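Numbered per our numbering, the sequence shown spans residues 4 to 124.
Don't take each hint at face value.
Unchecked claim - DEER-style ranges, computed between Cβ atoms: (1) Y60 x A25: 18 to 24 Å; (2) D80 x T49: 16 to 22 Å; (3) E48 x D80: 20 to 26 Å; (4) V113 x R91: 29 to 35 Å; (5) R108 x K54: 14 to 20 Å; (6) R101 x E61: 28 to 34 Å.
Because the hints were derived from the structure by calculation, they are not lab data.
Here the structure is a predicted model, which is why all the values come from computation and not from measurement.
We treat Cβ as the ideally placed atom computed from N, Cα and C, and that holds for glycine.
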Amino acid sequence: MKVAVVGSRGLKVKNLELYLPAETTEIVSGGAKEIDSCAAAYARETGIPLKEFLPDYEKYGRRAPLERNLEIIEYSDQVLIFWDGKSRGSYHVLKECRERGKKCRVFVPVSLPELDEEEWE
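Input sequences plus hints: build the corresponding full structure.
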C-alpha cells in the first residue's frame, strides 16, 4: 500500500511506525521540511521505498504546492495528515481526499511543536 505522509509546517512526528498501516509498501512525501522530512528519514532508516513529489514552480507558479498535493493524493492509496488545525495546505489535502473518496486519517496534536506518539489523538 502506498501511504502518503503530509502535514502542517512546524510539526514533526516521532515513531511514524505507530501511524503507518502494517501493509505499507511505499511512503509518499511532498519533499518539504518537518513532517515530510520525518517521513523521508523513516523510509531511509527502514528501507521502505520512498516516492517524493516536489512542487513544480516553473509549471504551476504559486499554485505549485497545491498541484503537488493533488499528485500525491492521486498516487497514494491512503493519506496520513498531521494537521495543526490551522494550516490551509493540510486542510486542502483533507478536503481533496474527502471529495475524491481517498482514504485518509487526520492526526491533530495536543501540544506543539515536536511530539511523541502519546501526544497525538
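Each hint tested on the structure:
1. A hinted range of 18 to 24 Å is violated for the C-beta pair Y60 and A25, which are about 36 Å apart.
2. Restraint check, D80 to T49: a C-beta distance of roughly 18 Å satisfies the suggested window 16 to 22 Å.
3. For E48 paired with D80, a C-beta distance near 22 Å keeps the hint of 20 to 26 Å intact.
4. With their beta carbons about 21 Å apart, V113 and R91 fall outside the hinted range of 29 to 35 Å.
5. The given range of 14 to 20 Å is respected by R108 and K54, whose C-beta atoms sit roughly 19 Å from each other.
6. Between R101 and E61, the C-beta spacing of about 30 Å keeps the proposed range 28 to 34 Å intact.
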